[in-house]
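*Asks:* Can you build the whole structure from these sequences, using the hints too?
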Amino acid sequence: MDLRDPGPMDERHRNEFLKLRSALHDRVTGLPAYPLLFDNLRASLDGRRHVGVLHVDVANLDVVESLYGWQVFDRVLARIAWVLRALSGDGFPAGSFLAVNGVAGDRFVVFVPETTAGAEVQPADLARMAATARSRLERAFEDDEWAGLSPRLMFRVGHSLLSENPFFRFERRVHAAVEEARTLNERRRRRAETTRGAELRRIIREAEVSSVFQPVVDLKTLEIIGHEALARGPKDSGLEMPAAMFALSSRLGMAVDLDRLCRRRAVQGYGAMAEAGRGKIFVNALPGSLADPEWVEDSFAALMAAAALTPRDLVIEVSERGGDADVGRLISGLAFLRKRGYGVALDDVGTGYASLATLEEVRPDYLKVDGSLVRGVHENLIKQDLLASLVQIGARIGAAVIAEGIESEDEAAVIRAMGARFGQGYLFAGPSAPGALPGGGHPPNSDH
-19 MDLRDPGPMD ERHRNEFLKL RSALHDRVTG LPAYPLLFDN LRASLDGRRH VGVLHVDVAN
41 LDVVESLYGW QVFDRVLARI AWVLRALSGD GFPAGSFLAV NGVAGDRFVV FVPETTAGAE
101 VQPADLARMA ATARSRLERA FEDDEWAGLS PRLMFRVGHS LLSENPFFRF ERRVHAAVEE
161 ARTLNERRRR RAETTRGAEL RRIIREAEVS SVFQPVVDLK TLEIIGHEAL ARGPKDSGLE
221 MPAAMFALSS RLGMAVDLDR LCRRRAVQGY GAMAEAGRGK IFVNALPGSL ADPEWVEDSF
281 AALMAAAALT PRDLVIEVSE RGGDADVGRL ISGLAFLRKR GYGVALDDVG TGYASLATLE
341 EVRPDYLKVD GSLVRGVHEN LIKQDLLASL VQIGARIGAA VIAEGIESED EAAVIRAMGA
401 RFGQGYLFAG PSAPGALPGG GHPPNSDH
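Using this note's numbering, the first residue of the sequence shown is number -19, and each one after it goes up by one.
You may find that some hints are simply not true.
To be verified - Here are the simulated lysine to any residue pairs, SDA-like style, with alpha carbons at most 25 Å apart:
no., residue 1, residue 2
1, K215, R181
2, K319, A337
3, K215, K200
4, K319, S388
5, K319, R355
6, K319, A375
7, K200, K319
8, K215, A256
9, K200, I373
10, K319, G259
11, K200, I377
12, K200, S388
Honestly, the hints are just simulated from the structure, not real lab data.
*Replies:* So this is what it looks like as structure tokens:
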């Protein structure tokens, strides 16, 4: 019996048909569970070597349900089904079969017997269909109804080929093809990460990291009081920016090794700058690196001495942000390093990461106000109130406030009026290599 079109039948059989159909079709999308299509797929393979399989799923969909409830979750699924149906005869050949992974499922499967021209489906054909489906789905969730949805939905469309093999049960072949399509993107990601991981290991082994330096200025006199060291990987590579390097190093267990290398290269780079006017060096450190014994080893002391630096010239800039930010260890690690003479700056202040309890315990020398709070502060009274509160807190604990990410004179004027003492940003200078003249530019995505 074809459960999509049962044909003429009496009332009793129709009721039984509707009960059976409701047990095998998803109520929200109206689509069948793909095991219901086994007979259709067998028929499609008559005279063909294979049938194409597309698998569609959505990253963050479980988070959306937990934040917004099952009604929104169901509306998302219904819209996805609507988009995929609309693709039949457009992005997909008209004879394609559309299904879900199971009744009340949250993943979609499209079986493509042949191309629009009636030819055998090839991987390149499926790749084009996958790209079209992903693009249409993304556009379908860009209107005002979904604009406020957070986190954003991310659509993943994988593909594979289903073929018969007399040594395996047909149903298992279908399941295997669907699973292969589902994991295509993950397998690609793992292969890419293996390659990038090997490159990162080479970068660390060959110390192929450099530093650029961005001035920190006195907001009243514009005198440079120091520079923040910002790491850079190999130029024009996928690992040039520190966000990419450190995200990968965290996943591969190399974060402390990379952090140590960046610290050493920052000190070496600072030594190449003229001593006059360079001031203190602000060096970023991961919370998990505070216990690194190198901080107090003779080799690091010698490196500092070669750059004409003492511990009092170096400010360790650290944030509670990140998976290794155990607050207790952060506090004890910073206390130990402060006893050794290093300065301390607490980063990301104003984002919710640096708690008042941490500020009281650490009592840093500097509070670095995150650029997200600085951006547009002259037009936002709430940001102004927050900044004024942070300045008051800084005064109470003996910490000078550094406002990061200042890009306009209007921002600088308000920050100065709020009582912040120091600033940093493209208004004054962008990051420069040692010895280069300070200059403006466009802000990078992120820095370390």
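*Asks:* Could you run down the list of hints and mark each one as holding or not?
*Replies:* Here is how each hint holds up against the structure:
1. Taking the CA atoms of K215 and R181, the gap is about 16 Å. The hint holds against a cut of 25 Å.
2. Between K319 and A337 the alpha-carbon distance is near 20 Å, which keeps this suggested pair within the 25 Å criterion.
3. Between K215 and K200 the CA atoms are separated by roughly 36 Å; this puts the pair beyond 25 Å, and the hint is violated.
4. Proposed proximity of K319 and S388 is contradicted: the alpha carbons are some 38 Å apart, above 25 Å.
5. Among the hinted pairs, K319 with R355 is inconsistent with the structure: their alpha-carbon atoms are about 35 Å apart, more than 25 Å.
6. In summary, the hint linking K319 to A375 is supported, as the alpha carbons are separated by about 22 Å, within the 25 Å threshold.
7. Simply put, K200 and K319 have alpha-carbon atoms about 31 Å apart, too far for the 25 Å limit, and the pair is violated.
8. Of the supplied pair hints, the one linking K215 and A256 is violated, its CA atoms being roughly 29 Å apart against a limit of 25 Å.
9. The hinted pair formed by K200 and I373 meets the criterion: a straight-line CA distance of about 20 Å does not exceed 25 Å.
10. Only pairs whose Cα atoms come within 25 Å are accepted, and K319 paired with G259 is accepted, the gap being roughly 21 Å.
11. For a cut-off of 25 Å, the pair hint linking K200 to I377 stands: about 22 Å separates their Cα positions.
12. In summary, the hint linking K200 to S388 is supported, as the alpha carbons are separated by about 15 Å, within the 25 Å threshold.
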